[in-house]
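Undergrad: Given next are the chains, with one letter for each unit.
2 protein chains.
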Amino acid sequence: MINTPPKISFSVQREQEYTLLEIALANPIEPNDIHHMQNLPDLVNENRASLGVILSGRGPIWLYGYLIHHYHPCMWVAVFDPKLNGAVVVQSHSEKYNAADVIPI
Amino acid sequence: MINTPPKISFSVQREQEYTLLEIALANPIEPNDIHHMQNLPDLVNENRASLGVILSGRGPIWLYGYLIHHYHPCMWVAVFDPKLNGAVVVQSHSEKYNAADVIPI
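So the protein sequences, as listed, match chains G and U. Numbering-wise (the numbering used here), the first sequence opens with residue 1 and increments by one. Numbering-wise (the numbering used here), the second sequence opens with residue 1001 and increments by one.
Be a bit skeptical, because a hint or two may be false.
When the alpha-carbon atoms are kept at most 35 Å apart in a straight line, the in silico DSBU-like pairs for lysine-lysine are as follows [said to hold, decoys possible]: (1) LYS83(G) - LYS1007(U); (2) LYS1096(U) - LYS83(G); (3) LYS1007(U) - LYS96(G); (4) LYS1083(U) - LYS96(G); (5) LYS83(G) - LYS7(G); (6) LYS83(G) - LYS1083(U); (7) LYS83(G) - LYS96(G).
It should be emphasised that the hints constitute simulated quantities derived from the structure, not laboratory data.
Taking the hints into account, I'd like the entire structure generated from these sequences.
TA: So this is what it looks like as structure tokens:
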């Protein structure tokens, strides 16, 4: 039996106001690969749920959907859009940001 | 002052087990257009939150992210992927479906 590396992994950048997750995929991926992700940080356990999360990188919408829900406990979640040179807030428990705000990064 | 039509609208199909939302965009859209969407159904008010929601159509990931969070009160939310001929569940309060399940439609 061959050990295959996880097809979905992340590089994580811990900033003062947010955690940036860059998605790295070994294509093609399928939905079941969600159950074998590597380096998905546990931000609640790291005491970083009081900060935001920015998701970045190529990936199917359903993977983003899963991650957005997964990080719902965090202060806010935003999706980086290279066309906007920033991350669009999609959910927020913070008074600082509302959904649809663009955070330049 | 000219009345411009909303740039984000939806066609809605009410099925027995889920509500299918087909996104229709007048490109280009920007995050602020989230505040002026047309025909976004209020599924809680329609007593359809006990069913699932399937999102479909072309659209930026941040729009999907906003909608996925918006329909968090619903039983489950899935994203249609034409490559899979089905919708991938991204969040579920139901025992019938788990995240990463593919619902053929």
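Undergrad: The structure should be examined with respect to each hint, and the outcome stated for every one.
TA: Evaluated hints:
1. LYS83(G) - LYS1007(U): Status holds; Cα separation ~18 Å.
2. LYS1096(U) - LYS83(G): Violated. LYS1096(U) to LYS83(G) sits at ~38 Å, over the 35 Å cutoff.
3. LYS1007(U) - LYS96(G): Answer holds: LYS1007(U) to LYS96(G) is near 26 Å, not above 35 Å.
4. LYS1083(U) - LYS96(G): violated, 38 Å
5. LYS83(G) - LYS7(G): holds, 26 Å
6. LYS83(G) - LYS1083(U): holds, 25 Å
7. LYS83(G) - LYS96(G): Holds, at roughly 23 Å.
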